[in-house]
Each structure stands twice: as structure tokens, then as C-alpha cells.
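Chemist: Residue strings, one per chain:
There are 2 protein chains.
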Amino acid sequence: MKFTLQKVCPKTGARAGLLETEHGVIETPVFMPVATKGSVRGIPWETIKELGAQIVLANTYHLHIRPGDKLIQKAGGLHKWSNWSGPFLTDSGGFQVFSFARRGKAKIMDSGVTFKDDLEGKMHFMGPKESMEIQKNLGSDIVMAFDHCPPADATREGIDYSVNLTTEWTKQCMDYELQSHQSLFPIVQGGRFEDLRHKSLKELVKLDAPGYALGGVSVGESREEVDRIVQTMANELPSNKPRYLMGVGTPRDLLMSVTSGMDMFDCILPTRLSRHGSFFRKNPEGWKTESVTQKEFTEDFNNPIMKNCQCPTCSQFSRAYIKHLFKRSEITVYYYIAVHNLYTLINLTKNMRKAILEDRFVEFIKSNGILGESSTEKEYNLVNT
Amino acid sequence: MKFTLQKVCPKTGARAGLLETEHGVIETPVFMPVATKGSVRGIPWETIKELGAQIVLANTYHLHIRPGDKLIQKAGGLHKWSNWSGPFLTDSGGFQVFSFARRGKAKIMDSGVTFKDDLEGKMHFMGPKESMEIQKNLGSDIVMAFDHCPPADATREGIDYSVNLTTEWTKQCMDYELQSHQSLFPIVQGGRFEDLRHKSLKELVKLDAPGYALGGVSVGESREEVDRIVQTMANELPSNKPRYLMGVGTPRDLLMSVTSGMDMFDCILPTRLSRHGSFFRKNPEGWKTESVTQKEFTEDFNNPIMKNCQCPTCSQFSRAYIKHLFKRSEITVYYYIAVHNLYTLINLTKNMRKAILEDRFVEFIKSNGILGESSTEKEYNLVNT
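Protein sequence lines correspond, in order, to chains Y and E.
Residue numbers for the first sequence follow this note's numbering, beginning at 301 and rising by one.
Residue numbers for the second sequence follow this note's numbering, beginning at 301 and rising by one.
I should point out that these hints are in silico values taken from the structure, not numbers from a laboratory.
All values derive from a computational prediction rather than experimental measurement.
Honestly, I wouldn't trust all of these hints.
No copy labels: a pair is met if it fits in one copy or bridges any two.
[Unchecked claim] Restricting the straight-line Cα-Cα distance to at most 30 Å, the calculated cross-link-like pairs of lysine-lysine (DSBU-like) are:
| # | residue 1 | residue 2 |
| --- | --- | --- |
| 1 | 416 | 595 |
| 2 | 666 | 582 |
| 3 | 595 | 370 |
| 4 | 595 | 374 |
| 5 | 349 | 607 |
| 6 | 627 | 436 |
| 7 | 370 | 607 |
| 8 | 666 | 311 |
| 9 | 349 | 627 |
| 10 | 666 | 307 |
| 11 | 627 | 405 |
| 12 | 311 | 654 |
| 13 | 502 | 307 |
| 14 | 380 | 349 |
| 15 | 588 | 349 |
Please model the complete structure; the sequences and the hints are all you need to start from.
Modeler: The following block contains the structure:
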């Protein structure tokens, strides 16, 4: 894997880059749709391709339990099995495994985690070695290190323990021999404590991995805390390597995080929101999440759910039609809304990239609702500290 | 609307024709996907178009209740409202309304039916005039006459009553002034009684409508009864007008019905079956409905659900992948399977048409599992009686 930093916005630190993998070149910043069980929920692969997705994420835990990573290995790996020929990133399974712990269904040891799965209630053990073995079998292009994910409200002591264990586990992951096309990304932990974040980052950067991720930023913290962590940590990450912000986000979050210097993002929101009839919408005061059930949509036959949006849904259908389908639980509407949401995030990152390359990034984000006049550039100043 | 009979298979009576509507020319035989509430369940319109659908069906009852035919009229009619620019056929609402009667939730009078709707429990009245008014508001290209649908097990007396009422109501429908682009099709009733079917047909044919439908053939009868009705009645219908067999069917049913001389078909099976993991599959002994959960699919990475199928799903995905998605309730799989099922029916009618036009229809249906060696041509002889 090779990362080339093409341009950095001198005012904000926002970056445009190229990440070359065996399954394709990824232009950053990039939003990665989530195919938890090997399919982006409700969206056919053809559509994922048409929307311009460059890389998708799949979940190690889910695929390990069913159909099993060994079955996927037999099929020739994730790419052949799913017929998505572009790059795949797999998470480490840690996030799911630790969510079991929070529900009292797992036991955490220094060597890994013992847990009962949701489906069959079988006992499993997952540690750094197991996570690497599964991801090797899956054959993803980017492999995430097995990290210790503390809850957002963990004590300082708990988070310090998690940082230390993450470093130790990451070392074990780095020692594991993956397939030649696979690259390992460590995950910086440290919760809401700036000094622990720095400690985690410092220890992981020593390992000289091909890319780095910020973890534990969408596990229950406030938006302000996430902003603060991202703004503080992004530019501490090696500048010559891709920087991945896990589990983010919304258009607003992507604008803020690219501005802070992050390159890669994933989130299930575009598809999950669609099942609740919610869509991303740009308003004069910035991006919001709104409902297709709003009263004004009932008889609006002439406007799409978001005016001036060029996505396939907004190019074809009126507010009245989309609202009707949602109210009648017609499953096609989950597709239509998710397509709008995915298009929004994919297109937003593409447009940010273009603006960075063309030296007009600050103008771009001003016109997109952060760093605007009304925000008195407070957020912008924060970015630059 | 103009119907041109292009060719008739001299051995079977199977027909190829052209049906010209204001929203497009339909090549028959034709399978019409069902968009009950204004959307084919789970299948985006782009896909419906790509699959080669030429006309879709929408349901008068469902759209009348929600969002209301008056709202759709305000939107400019079904085509503008849904953004499907091809032809629409709407059913009369009769089928749904009479299913309420069977559940004791409706009162049938000589003038129509009083019923309580499912959604809000409001009282409604629907008779021939109301059905016409709703369908006029919807603006469909083909409008179905409001018929009296008896249950499959009705007595001879009950079915005779239903035939008489259907004739009376159809006359009232014919007198109603629809939009200029709309054409009314009467529906032949008569249940399983041949003489009552003939009586119904004879009275309706007198009205000189632009096309005719056989109704009450998928309301609970045995396959043999449906075959017998279709084989007996098809060629009694005017040969210079399109013949529509309502609610049919499977690949086998389409083969049999086209062979009998029918031209148009609709069915919810392709999408409904997909939600149960069932797909149409051609076997040496004919077409069957099978499950994607079958044991041999678990590790079959090299074959699609149906070998030699050129549909988008079979061109892209293995049995193992499709089975996994279904077992994990990944909603994308309902799309993938429905696409295979819709493609199968649409493509089968296209191929039958081609075979009719090229004077090789008997060979075509022999190789497609009816009229085969094994069936001792019994079915074929029956067709020719």
C-alpha cells in the first residue's frame, strides 16, 4: 500500500491524497460505506459503484460468526465472495466484542476477550492473534489492529489501562504475518483525556504502521468532545500516512474532520437513518438531519427532498412521493433515502478534495455551513490552534 | 389505444402483438410487475426499466385509501407522481373490496360495496362509478372494469349472481367518461363453471371493449381448474383485442397461458417469493420454485442460484453469497432474488414472443418444460381442443 499526500490546505491543514491498494486507488478524503455482513444494507453493489464509493468496510465480528471467515477464505476472500472488486477495510472486531462486555456477556483478560455470541450463544475467544487470523482469512486490504475499546464514561484509570493494553495488543498484531496485499492500521485510544490520547498516539506511532486511526470517538461522547479530540489529535498523526476517523459521521462531522486533517471516514448512518425516514439536508445555517414525514412534504410534487441535490433520488422523485412510500412502509424508500444519504457523504468528500486541490477549501467549507459568518469563525479558530 | 396482432402460432394459438398506448408501445406477450402502492416492492424504478418491464400495475384500492387518488391527480396522475413514464394498468379495486366481504367487513349491494378500510377503519362505498372516478384520477392507461369477484368455492347460484352483476356494472363502467388516453377492459367471471364463463364472456364481448381480462383465476382454484378455464376461454375472447389473464403467475403458468392464447399477465409472486428466499429455477423437468437456503448452496461459490441465467443477480453472485445474505436477513437479498424472479418472467415472455414471431414456438415451449416428451404432450393436446 502506498500513500501520497497531494496537497495540504495551508489555512486549515485539510489534506488531499492518494492511497494505492491492490484492489484500486483511493482518492482521499474518502467516505467508506459500511457493509457489516458483506452487503451495504439494502443497497445493491451496482448502486454502491454508481454512487462512486471507492472502498467499503466490513465487520470482522459479524463475518466471523456467520458465515465464518474460513468459509469466506474458501470462497477466495471477501472480494470474490461478495463480488465487490474494490478495496475492503475490516474492523478488528474489538468494538463489537467490547459491547458484549458492557452488557455483562464477556470477560476481558490481558490476552483478549471471552464472549458469548448473539446468534448461537457459543463461547468464543478473541485476542490480537485471533483478530488478525480472521482478517487474514477475510483478505481485506486494510486490517484494523485489535484494540481495547473503553466506554465513553470510563474512569481515567480505566482508560489508561485500555491505552496500555491497546499498545501491547497492537504490537502483537504488527508481529502477525498478514497476506502480502494487507496493511495494518493501529487505533489510537485515550478517551476524552488529552494526555492519554497523546501517550497512546506516541507509542503507536513508534511502530511505524502504514496508517493510523482515531478510535473511541463515536462511542457516546458529546459532539464537542469528539471535535476537541479530532482537532487536537489529527495533526499529531504522521502526515505521510492516511488518517482514519472511525465511525464518523454526518456531513457536518465530515466537514469538521477533514478541516482538522483527517482523511478516511465510515459510518452506518446513511443507511440506518433511511430506515427511520431521515435524510441529510443542507440548510442556510448548515447541514441537518430531517424527516421525510414533515408536513410540508405531503403535497410538494415539484421539489425533491433536498433542493439542488443531484443524487439519483433527488433527480427523480418528489417529496410527496417519497413521504408516501415511507408512510406506507414501502421498502423501496429505504433504498431511495439511503442513496441520497450515501451520495451526500461521498460527494461531499469528493468536493472537499477538489476544493483542497484547487486551493479554495476555506471558501468551500464556509459555503457549506461550518466556518460561516454566523459561527463567528470560532470553530475555524479552534481548528487552527 | 391500438392493438395489432402480429402473428399467431398455427399449432397452439399463441400470439405476438403490439399494444400502443399514449405512454409507450407494449410488445405482447407481456408480464407486468405489480407496484401495489405506487412502487414495485423493494425494486427501484431504474431497475424495473433495466429489466425491460414495459408496463406496470398499480392498485386502485390501496392508492385510493393512501395517499388518495385526488392527491395523485393533483400531482398530475400516476406517471408524474411516481416518475414511471411507461404505461400503467390499474385494477378496479374489486378484488380487495370483496376480500373484505369474505372477512365479514363489507356489505355487498346491487349498487356496489360498503366496506371499512384496513388503515383507519373509515367507511367507504365503491361501485362501478366510484371505481371509474378513482381510476380516472389516477390516470392509468388501462382501466379495469369494476367486477364482482366471488370466492373460488362459491355455489353455482352465487357465481351466476356474480356474472350478472359484473355485466351490469361493466355496462355502467363503459358509460363513464374516462380520460382520452384511458382504455377500459371488462373482466370475464364465471368461476369454475364453463357455461357461466361463456355467458359472462358473451355478454361482455357485446360491449365491444378495447381489451378483455379473465378474472377469478387466482383466487384459490387448483392449478388444473385454472388451466382448464384458460384453455377453454382464451380463444373465445376476441382475437383482435388484447387478452389479460389476471394474477398469473409462475414461469410454468406463463408458458401454459401464452400457449393457450393469452397476452398479458401480472403477479406479485416475483417480489413476494423473494422475501421468503424463493426463486424460479428451470430444471430438466420444467420450472420450479426453490429455496436459496438449500443445503448445497452453503459452499457453492462458483454457481449462481440458477445456472445459465443471464439476470443481473446470476451474473454477479454465487449461491453461497445469496444464501448467506438471506440467512442473515440482509434486506439487499430481497432485491437480488426479486430481480432474478422478475427477469425470469419478463425474459420468458420476451423469448416466447420471439419464438412466436420466428415460427418456432412449439420447439421453444418443449425445451422449456411444458409440452415436453415426459408430459406425453397431454397438456399440448388439451390446448388444441
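Chemist: Classify it for me, residue 666 with residue 311: is the Cα-Cα distance of at most 30 Å met within a copy, between copies, both or neither?
Modeler: within (13 Å within a copy, 73 Å between copies)
Chemist: Cα distance capped at 30 Å. Does residue 349 pair with residue 607 within a copy, between copies, both, or neither?
Modeler: Answer is both; intra-copy 24 Å and inter-copy 25 Å each pass.
Chemist: For the identical chains here, do residue 502 and residue 307 meet the 30 Å Cα criterion within one copy, between copies, both, or neither?
Modeler: Close inside one copy (25 Å), not across copies (79 Å); limit 30 Å.
Chemist: My question is about residue 666 and residue 582: at a cut-off of 30 Å on alpha-carbon distance, are they close within one copy, between copies, both, or neither?
Modeler: within (13 Å within a copy, 59 Å between copies)
Chemist: At most 30 Å between C-alpha atoms: does residue 370 with residue 607 qualify within a copy, between copies, both, or neither?
Modeler: between (47 Å within a copy, 25 Å between copies)
Chemist: Checking an output row: residue 627 and residue 405, CA cutoff 30 Å. Within, between, both or neither?
Modeler: Close across copies (24 Å), not inside one copy (37 Å); limit 30 Å.
Chemist: At most 30 Å between CA atoms: does that hold for residue 595 and residue 370 within a copy, between copies, both, or neither?
Modeler: between (50 Å within a copy, 18 Å between copies)
Chemist: Within, between, both or neither: how does the pair residue 627, residue 436 come out at a Cα-Cα threshold of 30 Å?
Modeler: between (44 Å within a copy, 24 Å between copies)
Chemist: Given a CA cutoff of 30 Å, do residue 380 and residue 349 count as a within-copy pair, a between-copy pair, both, or neither?
Modeler: For residue 380 and residue 349, the Cα distance is within 30 Å both inside one copy (16 Å) and across copies (28 Å).
Chemist: At most 30 Å between C-alpha atoms: does residue 416 with residue 595 qualify within a copy, between copies, both, or neither?
Modeler: between (45 Å within a copy, 26 Å between copies)
Chemist: Given a CA cutoff of 30 Å, do residue 349 and residue 627 count as a within-copy pair, a between-copy pair, both, or neither?
Modeler: Result: close both inside a copy and across copies, 29 Å intra and 25 Å inter.
Chemist: State whether the alpha carbon distance between residue 311 and residue 654 is at most 30 Å within one copy, between copies, both, or neither.
Modeler: Close inside one copy (16 Å), not across copies (65 Å); limit 30 Å.
Every hint, counting from the list given before, is met by this structure.
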